[in-house]
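A.B. asks: Listed below are the residues making up each chain.
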Amino acid sequence: MELLDSFIVISLIKAAVIFGVLMTTLAYLQWVERKVIAHVQVRPGPYRVGPHGLLQPLADVIKLITKEDLVPPYVNKLPYLAAPFLAITMALLSISVIPFGPEITVGPVKTFMQMTDLNIGVLFILAASSMGVYGIALAGWASNNKYSLIGGLRSSAQMISYELPMSLAIAAPLLISNTLSLRNLVEAQSGSILNWNILGGGQIVSFIIFIIAAFAETNRVPFDLPEAENELVAGFHTEYSSMKFASFFMAEYANMITVSAMATLLFLGGWKAPWSAEYGSSLVPAAIFGIAAAVLFYHGANAHRKRDKLTFPAFGAIFVVIAAIFLLPMVQGWLLPLFWFSAKTGGILFLFMWIRATLPRFRYDQLMGFTWKFLFPVAMLNLLVTAFLVAWFAK
Amino acid sequence: MQLWLIPTFPLAGFLINGIFGRRFSKSLVNTVAIGSVLLSFLWVLKTVLALGDLNTAHLEHYFTWIQSGVPGGNHYINIGCDFAIDRLTVVMLFVVTGIGSLIHIYSIGYMAHEHGPNFGGYYRFFAYLNLFMFFMLVLVLGASYLLLFVGWEGVGLCSYLLIGFYFDKKFATTAGNKAFIVNRIGDFGFSLAMFYIFINFGSLDFDKVFHQAASAPEWVLTTIGLLLMVGACGKSAQIPLYIWLPDAMAGPTPVSALIHAATMVTAGVYMTARSWVIYTHAPGAMDVIAIVGIATAFMAATIGLAQTDIKKVFAYSTVSQLGYMFVGVGSGAFSAGVYHLMTHAFFKALLFLGAGSVIHALSGEQDMRNMGGLRKKIPITFWTMCCAWVAISGIPPFSGFFSKDAILLAAYQHSPAIYWIGVLTAGLTAFYVSRAMFMTFFGAYRGKAHPHESPAVMWVPLAILAALSLFGGMLFKIPEFLKASFPAEAEVENPMLMYISVAAGLSGIAIAYIMYLAKTGMADSLARTFSAPYRLIYNKYFVDEIYDATVVNPILGGSRIVLWKGIDSGVIDGLANGIASRCRDVGGILRLLQSGSIRSYASWILFGGVVLIVAMGLFGGLPR
Amino acid sequence: MMTAVPISWFLTLSAILFALGVAGFLFRRNIITVFMSIELMLNAVNLSFVTFSYQHKEVAGHLFTFFVMVVAAAEAAVGLAIILTVFKNRSTLNIDDVNSMKN
Amino acid sequence: MLPDNLKEYPVAAAVEAFDADAVTGGKFEFSELTLEILASKISSVCGFLKYDQKFIRLSTVTAVDRFPAEPRFELVYHLHSIDRNERLRLKARISGADPVIESVTGVWRSANWYEREVFDLFGVRFTNHPDLRRILMPDDWEGHPLRKDYPITGTRV
Amino acid sequence: MDVILFLIFALIAVVCAINVVVQTHPISSALSLVGVMGSLAILYLLLGAEFIAAAQVIVYAGAIMVLFVFVIMLLNAGAETKKGRSYLIPGAPLLVVFLGLTAYYVQRLFPANTMVTFGGFTKGGPREIGEALFTTYLLPFEVTSVLILVAIVGAIVLARKEIE
Amino acid sequence: MSDLGVPELLAETEEQQAATGGRRMVLNMGPQHPSTHGVLRLLLELDGENIASCVPDIGFLHTGIEKEFEVKNYQQAVTLTDRVDYLAPLSNNLGYCLAVEKLLQLEIPPQAQWMRVLLAELTRLNSHLVWLGTHALDIGAMSVFLYCFREREEILKIFEMFSGQRMMTSYFRIGGLALEPPRGWQDRVKRFLAIFPSRIDEYENLLTNNRIWLGRTKGVGFISLEDMLDLGITGPMLRGAGLKIDTRKDAPYSSYEKFDFEVPTQTANDVFARYQVRIEEMRQSTRIITQALEGMPAGPWKADAPHVVLPDREKMKTQMEALIYHFKIVTEGFRVPQGEVFQVIESPRGELGYYIVSEGTTKPYRVHMRTPSFGNLQAVPRMVEGTLIADVIAAIGSMDFVLGDTDR
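Chains as they are written, first to last, in my numbering: chain A, 1 to 395; chain B, 1001 to 1624; chain C, 2001 to 2103; chain D, 3001 to 3157; chain E, 4001 to 4164; chain F, 5001 to 5408.
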């Protein structure tokens, strides 16, 4: 019973930590996206609330919470209310099996940096994401609004269609690593960057297919048809406001994080450093923060604005401390994997934002044609070739 | 040793070209097609070098193909996908892949202007050729009759496809159908033979069958041998099933060279040679083969005398030479038959390709009466064809001489009568080939088109084949090489017979020279003098017409009157209609149950389910 | 405290679900609902398969379940296409209105 | 009756030749040609001008209210010939008591909205118009704003 | 623990299944059916059928039912009308008899001593299923794939806009 | 403008509904919709995502400008023209002024004419930039929108420098310009010209070869040239259909004949062709502006017509005569001789015509504006019926209408 207790306690602690971090990340991901897109479009982006708009997410949260929670007449109440809940639940559910790092020891406890390690983790994520479509479809239908309905229809067709190439793309690295557990998947890729599935496994094609399908699954540009504001006003969430709207919003970003983490785990070696520590990969984060600190100090010394004289060196000092922490051997064991995991996931998230700032939107028929006529056959072929090669080398 | 790679290369080529060829450029199609065949050839080379002397067969098992029954049981079938390689196979492999490669290369030039119907002709042609190579290699490599049969049917299919390559032309599709249907008759015999083999020996694997064959009763082996021969006759165009081969010339010339001269048609010879254990224990079957062979050889040679279409001449020549091979295997000289198979592949492929080159040069003209004097205009073609000419005429020391001599020698041992007909046929062969050469290359040009020499991709294969025709017989002494495969053969020497056959060949050439070059009017006057025999052979002994009158029309008429009008309409339809109307009456009553509503059906089903459970509870084994 | 479930409970549950599926089939008029009742029956049967699989410690039952799923997917695709066509031609989803088999 | 000074313009002459009764006047000012057409003949003249004289485009249709003079409304058509790079103005006068004129939508489909606008703002009715509804003002609006007797300040909605 | 889990999810399944039958609007029925499937997936896990549980959610709940919901939304189907005859009179008694008989025989055939415990059967993972599928059941597997292909073609033909 | 209900035109009979399987759905796109660029309302009848029929509904921005003209004197009325097409105000100024000047038979000095050309072309750039940005935004490319507005900002700053106003400049007046061109304007324009061509390349980099952009625009919004002419479409849309028609070339005004520029055309007659035409028009406008800047003649910037044009401030204070003219013009306006004119110019959207009837008073008797947006918009149903919802967005985006210009 003691074991059980400690298991439950540890799980609860982990859940709390992950939930807290995740919610903050979701909020700040929004800020980052606005900043990234703004800079792509040569404008400053959020700037007023806090330094560089850093408190903007907080303001948004307060705004969304305190907004009037409007339920239009004529909606189908139960599904209308259930839809956002469903969407956010399914989005958050899959995060519970995603590992962020290796096994670590915190005080007397040894535990995994993961909520729970399912040996069918990949299937679990697929299952959770396949349920996510209900949230959107129901929202579209229950709103009793034509734009919403079209958005809901579009999204259900789109998500079913893109799930196929996505699953096929996922299957290829699974074949190589010969496991369905995400943790083992990462372990199978340990070593250097050459052991990652994307390079060592030759899965660059699946990676690209996965990313494309992931864009579609998360309804992001150029596949954001269900919420294409220029055609469908706001698609399935036209009639939602306040926290219900925020739920959809958070679900979208949570899904983004999930698929980015999935891509990292499946193809990019998870929390493994791109080269081994003996060649100095453990120094990289410290170096990055160190350089950032140096730049800040320099600009602080040659400040254009008065307040920069203070703020830049202050942030520089913080960075120096962070760099120093990364050099501490006692925390390196869990901090470094976390760094690499976040770096890779962040890179893919940046890709999401970059694409959003750059590409126009597909048309509905083109979108369906793209997956059925191009993506699906290619994914199929890739899987076949991979299976063949795996069988060949296994012999 | 990865034997499976040998046929897989052409298969891959076929798939790539067949699926994507429409979007490929011609050069890409070429690369895929020829590359795959060349790879196959190289792999054969590598395999042979790696396998050493091959005195015993090397067998590879890949997977179980068909399995039925209980192991050890009465009707247990276990047919594997096995490939085997022995010396006989090696010869065939080299012939198929080597000549196949050359003809592929040649086809680039020959088909260069080809669009084919619907502009898909080019890639389609090469895809078919590759598919043919695949099946031919399966045929050769297969280690059981069934696998051989797969290849056998496959090449038949490709032959059909390629004969009907210009499918927008009626005669091409008709010729394709003819080839296919006539071959069915042979395949029927082959199938029966396989059933019979299986019943008697319980297996179709060569080694198992041959192992048991020695101890089998003779009449069984004779039956098997004769049935196999029917199959071989179909494929190798022997009397009475040869009629499809001349028509098969409707396909593009490289096809004629590859399939209908060098490789596919020799499959029957190969199969017979492969089954030598059976035949050596069934002398009666061998006799029949020898007689069929010599009859075919002679008859085809006579028909060849009077043909004017250059490809037809060579087509009948092929039939005739195949007859020779049959004489060889029928006389117990299997190695001689295979020997002739190989040399024939060299010079007949060369003759066809040369003819193709001539046709190409004359922009499609095939009638020899519209040729002549091409010696100066297309010298390379001329000189290469000369090599084939001397080879087929049996002039020593060129390739045809050796193999033909070996056959005739064996025939003499077997029966002198066959020998003498064979010699006469050799003379006729020399005559008609010479005639073709003279009419084509000598004298004055009689045509309208402007001849032009073929490109290098066409004449380089010709040159290689020419070299092989000249020296192939000396270089590759097949009988010695195959000694291990056919231990039962006796060795004979008889220089006298050799001189006679050489003399026959030379005299054939001489007569042709006189008739077609020295005294040009003589041929026509002879034809007029002997108009009845001439008409007979000019019209190919009216064989097609006889078949029409005796077989085709009675079947058609009988089917129409008896089967269709009588049985089908009267008895069967009447029966069916009667039953149907009774059913309707009964159904009328039952229809009351059919409300047309799905849910009522479901209620009935549920009712039935409940009744079933109750019944099982009362009378079945369910516990109370 | 009982920690294990009698296997018959699973089978009984399966029977109940199956009966409910039949009930849906019989008592509902909307083609789509009827169709969904069929799916419910299939699910009930699947549960029995998996239970039997557990009882015999054999994986075969899982495979049957798997095949049922695949067939259900195919059936759903074709069935829904038929429903679409029916609706297009008759603009009704009432199963009793679709009775051209009658007469 | 075409004024004599306009005879030298081929278009004017052609219209005169097509239907002498249709032309009731005309002028040439600011290098712009104006022909006055009998209201009842407007459609046929327009058809002639489009198909025979290559005035393929109808640039605009509008009206001028000459209140209180009578005939009160002048319908103004601006035609454009791309081939000849030439423009032409047609005018037709109709009375204020019963402002009806035949629609030219049969000739140029583009006349549809222009005539609806004239109907909306002037109250001129067009016969044979496929869809004569108000276009700019709300459907239940009373009065026609561009008439001279409509107050400039409008009415309170 | 297992009993509690079983009871909870069996209850959910039954309630949802009843809901499937009694709801008049198809979309409510569909959602209830999803609920049944979800709880069945949990029960599968209890029975050691990991792969089937995942497939249940992915294929059944995630694909087939989405298709249903999609079609319902596409047709904008409303609540059903009370038209045509009711099958309550022949159906309901039959059903009760059916259910009673089945339950009775199940109880008789499977005495209470065969128990299910979580972890009592561990061969239901993807690896085992895959091995069985690609060896013993290869032929049925291939046949089903052909069936799927046929279904795809059929669905496309049926759903085409204009049928010439 | 109709009530927001479904007009009878769409209310089909029972049989028709049954024939389509009752699957048709009426979608009210607008008047408040992100992609209708203001207050256009499209009634779409949908079969799935296909447009079965489309009925545009306008009038939501009707302000009665034509009526207002009749109570303003001629010079005052210039300010009204700004408000018609708020994306190309100077084009409207120009059309109106040219019409009145034609009635007055006023000779405009060369500098004013060239300055008008320069500013009119800047207006064209301004308008096309807004079009490109919003059009790209409709199709989902959001960055282009902001890039375009960055350049538009420069143009607006130039306008502000000239007139003190960013949008409603009213800078062209009857008889010339409102104010003397400011000092240093050349540098400003030069700076703009230096960067602008590379910016056009930048837009093209983002769009022209983008597969998605091509997929969304190629073959979309097709309407045959015959239909276009019949439905009264003008401007870049006609040029996208291969017809080389441009009033600046066909009937040059304000000395356009002295400028060297091409009239770009495309033949594909789809959204992409219109895009290409407008992009090329931007380059050509840049060319014209460069020529105007380099060849700007010296001399007066308003006509020598004391009874029409206000005198200089300085003169007014020193010369009695000027003071009297000033007084008369300001209090009463100037009289315009009786007559009627129809002045056509090439606005960024197409043919812009001012029909002015004068009765010899100081106020116009009737002003009618033949606005391009109104003419073009009639073709919307023809263009979108049978396509997809997303194509409607692309198609109406390619028309580049302004609702102020439509409803007046």
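Hints are computed from structural coordinates only; laboratory data are not their basis. Don't take each hint at face value.
When the alpha-carbon atoms are kept at most 20 Å apart in a straight line, the in silico SDA-like pairs for lysine to any residue are as follows [said to hold, decoys possible]:
no.	chain 1	residue 1	chain 2	residue 2
1	F	Lys5190	F	Asp5260
2	C	Lys2088	F	Gly5184
3	C	Lys2057	E	Ala4132
4	A	Lys35	F	Lys5190
5	A	Lys146	F	Thr5387
6	D	Lys3054	F	Asp5250
7	C	Lys2057	E	Lys4123
8	D	Lys3054	F	Lys5190
9	D	Lys3050	F	Lys5317
10	A	Lys110	A	Ser192
11	C	Lys2088	E	Glu4142
12	F	Lys5157	F	Lys5190
13	F	Lys5244	D	Ala3014
14	A	Lys146	F	Leu5293
15	D	Lys3027	D	Ala3014
16	B	Lys1178	B	Ala1449
17	F	Lys5249	D	Ala3014
18	F	Lys5258	F	Leu5293
If you want the ones that stay clear, here's a sample from chain D, every Cβ over 10 Å from chain F, calculated [unchecked claim]:
no.	residue
19	Glu3036
20	Gln3053
21	Arg3057
22	Glu3102
23	His3129
For glycine and all other residues, C-beta sits at the position ideal for the given N, C-alpha and C.
A.B. asks: Provide an ascending list of the numbers of those earlier hints which the structure does not satisfy.
C.D. replies: Numbers 2, 4, 8, 9, 10, 11, 13, 14, 16, 17, 21, in rising order.
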